[in-house]
Structures are given as C-alpha cells and as structure tokens.
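One line per chain: the protein sequences are A and B, in this order.
By this note's numbering, the letter at position 193 of the first sequence is numbered 193, and the numbering carries on one by one without gaps.
With the second sequence counted from 1, adding 1000 to any position gets you this note's numbering.
Any given hint could turn out to be false.
[What the hints assert, rightly or not] Computed cross-link-like contacts, DSSO-like style, restricted to lysine-lysine with a CA-CA straight-line distance of at most 30 Å:
#1 B:1039 - B:1359
#2 B:1359 - A:142
#3 A:142 - B:1170
#4 A:142 - B:1232
#5 B:1317 - B:1359
#6 B:1243 - A:142
#7 B:1276 - A:142
#8 B:1149 - A:142
#9 B:1149 - B:1109
Source of the hints: derived by calculation from the structure; they are not laboratory data.
This is what each chain is made of:
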Amino acid sequence: MTSESTLFSNRWLPILLVAPFMLLIVLFFYVPIFQAFYWSFFLEQPFGGGSIFVGLDNFARVLSDREFWQAGWRTIVFMVTASSLAVLIPLILAVAADRKIRLSLPARNVLVWPKGVAGASIGVVFAFVFNPFVGILAPLNKAFPGIWAPGIDGTDAFITLIAAHVWGGIPFNFVILLAGLQSIPRTMHQAAAMDGAGPWRRIFDVQLPLIMPQLFLTLVLEFTESVTSAFALIDTITHGGPGGATTLLVYKIYKDGFSGYDLSGASTQTAILMVFVILLTAAQFLFLGRRINYER
Amino acid sequence: MKISILAAAVALMAGACSAQAANIEFWYGNTGPVETAIKAQCDAFNAAQTQHKVTCVGQGSYEVSMQKAIAAYRAKNHPVLIQFFDAGTLDLMLSNAVVPVQEILPDVKWDNYIAGARAYYETSGGKLFAQPYNASTLLFYTNKTELEKAGITQTPTTWEEVIDAARKLKAAGHACPFVTDGDTWRVLEQFSARHGLPIASRHNGYDGLDAEYVFNTTFVAKHLQNLVDWRKEGLVKLNADTKAGNYTAAFNAGECAMMEGSSGSYAASTKAFDGKYQLTVNMAPMYKGYERHNTLVGGASIYVMKGHDQAEVDGAKAFLDFLRKPEQQMAFTAATGYVPVTNDVLDAINKSGDAKAAKYATAAIGIESMNQPPTADSRGIRLGFYVQFREIFMEETQKAFGGQQTMQVSLDNAKKRGDELLRRFEQTYKGVKLP
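Using the sequences plus the hints, can you model the full thing?
Listed below in structure tokens is the structure:
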C-alpha cells in the first residue's frame, strides 16, 4: 500500500484509471457469465416473456446428452493435439533459430505478424489452402481421387482445423520460447560443451530445463485458448461439419443458443465449460507449475 | 466466450435502432439479387408516398436475422416489421412477440392467397399470422444443353427417369449428373409433402405440441438410402463433392447437369446460363406409383412485432399494403424467381401478355406445384425448435453420406434427437395452446 500511495497522491486516481477497464470486464464478462449461470436453472422462452424454474433439470439433460459428451471429447482431443503441436513446432523453430542468431531480430518481428491475423481470416485462408479441388492437396486428390475430402470426411476436416490453429499459434509461442532460449547465458553452453556435451545433449539437459517457465506459460495459454478460440476457425472452415465431426463444445453452445434458441441449454453448457477450463488451468498450476523452477 | 457475443449483439442493437414516429424499420435476411429487389421495393415505397419512411436493414441470412431479432426484442429495440423464414413459424406463433397480420389488417381480402400459402401460416381458426413475402417452392432444374449432349431429349419427371438420365450423363463422361445439398427442406420436407408422407405425428404438429417425428419410418428413408447409393455410383453429388463447393453454384457454372432447388434461385441461374446453356424448370420429381400432392411454400413471410406505437403500426400497415400490390409482386417475381402466391397477381400476370416470358416461368410452375391436391400432412410444419431440427437432420444424414453409419441409423438418431427438442419445446411453452 505504501509504495502505491507514493506513486499516486490521490487514492481515487488509481481506481479511476482502472475503472473503464473494470467496467468493460463487468459488462462483457461477469454480467453475461452470471446470466448464463442464472439461466441454466430455468427453461427460458427465446423471446422472453416466460421462464420456468427447473432446478437442475438442464444439467441433467445436458449431462445425459450423447452429443454433449461427444463434443466434449472432441474438444479434449483438439485441445491436446492442437496445443501440443502449437508449442512443439515453435519450440523446434526457436531452438533452430537460437543457433544462428544474426537474423533473429528481424525474424522475431516478421514472424509475430500472423499473431495479428484474426482467427476468422485464418479460417477463410485455410479453407482455400485445404480445398480438395484447388488447395495444396489437390494434386494428391488427382492421383488418388477422394483421399482428401474435408467436406465429407470428418477426420480430414479435423486435421484442417488443427493445422489452422497450430499455424495461428506459432508466432506468439515462437517469440516467447526464443526469448527464453536467448536469456540462457552463453557460459552455460560453453561449460556444457567443455564437459563434452554434444548439441542434442545440450538441448535436453541445458536449454529445455532452463526454458521451463516459458514452456509452461505457452502450454497454459494454448490449452485455455484452444478451448475457446477454435470457434472462429470452425465457423469459417467447417461449420461444425461434416456430420458434426468438428463440433467442439464452443461451437455447439453457439449453435444451440443462437440457431436452436435453446438459451437454457446453451447457458448450462457455458457454465459447465467454464468450470472445466478453470479446473484445467488450476490443475496445470497445481501439478505442473509447482515443479517449475523460476530461479536461474 | 459466446455469451459476450450475445452481450455485444445486444449493445449493437441498442445503438443501431431508431424509432421516430412514422419512421419504420424492416429487417430481412436475403442477399444477392433478392436483396437488390427488396431494396428496390423499399425505395419505391418511400418514393410513392411521404407520410411514412421505411428503412430496410439486411441481416445477411434468415438465421442471423432471427438471432438478432431475439436479442433486440429482449432489449426492446426490435423493428416493427421483420421477415422470418418458414422453419421458425411455430417458434414465432408462440413467442408472444408478434401480432397476427390478419388481426392488424382485418379488411384485407386474405382469401386471395392460394390455399397452400395460407395453410402454412394460418392459425387453426384460419387467421393468417404472417404476410407471405418471398414465397418459394422446390423445383427441378436441368441444364437442357448438357442433357441433350448426352442424348436425353425429354426432361425427366420421375426419380426413375432422373436416375436413368444421370446414368446416361455419366456414361457420356459427365462428372456431376445430379446435385443436391441434402438440405432438410429439399430432401425431407418437400419430398414428404409431395409424396403425401407425414414428417411428424399429429399432422406435423398442427394438432398439438405433443407430436413426435415419424419420418424415419416412411418412404423418405428409402429415398435417402437411394441418394446414398446413387452418390456411391457417381450419379448424385453433394456440395462438398463439387468444385464450386455449393450445389447452386455448381449447377450455375455448368458443372452439374440437374439439381433440385428453390424457385428463388431461378434468377441467378438464368443470369449465369445466359448465352451458354438452356435452362428448364419443372415440378420436382416423384417416385413412380405415388400420387402427386402439393409442395410446401418455402421462403419467408413478414411478421408485425409487438411493442410499437400506433404511428409505427400504421407505417407498417402501409408498407404491407404496398408490398401486396400486384405490380409490386410482379416486379419482385420477375427480378427474383420467387413465386407470387395471390390469385389476383396470377391473373394480372396472365393478362399482362407476358405470361409465357422467362421471367414469370417459376410463377406458373411454382403455383402449379403448390396447388396440387393437399393432404392433412402437406399443409406445412408446425413443430417447435424446428430450425435446430433442420441442422440435426443435416448432421445425422451427412454421417450416412460419409459412410460412418447407415441411413436408417442416421434417421433413427435424428428422430430421437428431434423428439427431445419437441419435448423441451412443449415444456418451455407449458400450458400454451396452439393458436
């Protein structure tokens, strides 16, 4: 408290400064979330005008719905595969870039640009890139007709989504991981090399342990983001199809709420999904975060 | 999170709407040539009189328009006139957010509307809930030029003939003989109606909210299995099988030779075919041995929303009156291919001397198709949360087309999931009687 009061002479000023942001958070996060929890105990008529308290009926309905569990399972598969790839690939790139360091400054700047591309735009581009007739896999389709059909085959559509997500995740994770690698003192490499450690050994015994904080950060961000941010990609590339194969929970919630007018069911699923994400992040901090040594 | 999108939508609505007296808003969902025609009607209305001014707002699609209307209605920023599509009929009837047009405009001769159009939108007491606007129905389109190249001179009228023609086209090296998107409206609703098959019990829900889906036990199941088999044989293609990625685009580009499509696509097809191919439109094909019944009126109609003052309601009435005028309906039909569904407009077309003209081609065939002998199950669809059911049906049948499960399993699943929707709808509107 004392250090803050030396910075701000008026004690209301800091509150005033964060107020606009807090207001936005309350308006666009806490209020809707509260509403979602509230609606999850009611059967809500789409146009308003009548809602019936149903207790835990909505939860019972959602939790006994096969579609919900399937969407949940797809969400987990997507989360695990897409976010591990979205960390692994930048890690490889960063380790490679760290060795030849001269271009790293411009590279860092150029490579981060895709981070500024909205998910929906990535989706539109990837829909073209993976189009079975004009995309990069079109020659493969010419040779073996029907081998790549994201519009018919659910697995192909899922792969397209993962590729788009990983591509979008590379820049940010690359910058974070490269920064971690760069902060490892040269002397450590030199000492390891003098002890006879080859490049591979140095990666596994020196570099990776020392960038654990960065790896942890990217993993936590990726895991939580892959649950929610897949929406833009799904909405532009697959629309949840074919046959629901790419309907992750976020997309199912949108579909149920907005085209099914099932405000109660969508709210219930939102509540469940949010609790899941919170638990997941907490678990990561509990089980992974503790083991990480932030001291150098 | 999705909820924040809802909040954002509500916030946007709050800023976007204005409600001055005699200044009314009309929301629609169409795009492309249809949107152009709608805008032209709005401009014409504003030019024809000075008392009222209508602002027409395009929302990009029927679904989005409905989503926004729900958000806007809850925020009390909704327009007085809104176009909704066929699938949302029961949701709106029970929404308590709209006033039946026939109540607001009691003096209009509503029996001027053809029976097929009335049946879809009227209450059990015979009151029209909405004014049919861009009415359409399912038609069968062929690329006559391509068919003739393959030696087919007679346009097929039955499914058996369609498939014969498809085999000939395939033998002649055509990559895409028949195309459909497998849309619920096309393969389930219009098919069931014209073959006299029920989709759900209680006459598709007209007799009560306790209806259950039955389509998985009717001849539709056989037809859909046929589509799967024909696709394997290379005769039928789906959206994703075409280069264009969309069935109408594929047909319009000449990639596919035959399609089942809405009369509303007619304008785009004639424009695309101009100078390249010859187009034919006919009633949708039947299976041999089945008597032909009417096809359903599709497209959308205009609803008057509650909660507006008298000046706005007057403006809305004036705009609805304007849209019903024969010359307006004729111009709209000529520009879009949507079907006029009032008898006086059909008379006016016949008298105009243009009756045989290409621009009115869909009017004659569409009306003929909707005027076939009706059954109690071909009146329409009065089922709750039907918009979502359409998606469930698509999702499940896509699995069958993709080879993951048989069509019968898909249909049984769709019935099961659909019945869950109906039961939830019944519970949501507990104690509410069908109007």
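(Q) Need the list of violated hint numbers for this structure, in ascending order. (A) The structure breaks hints 2, 9; every other hint is satisfied.
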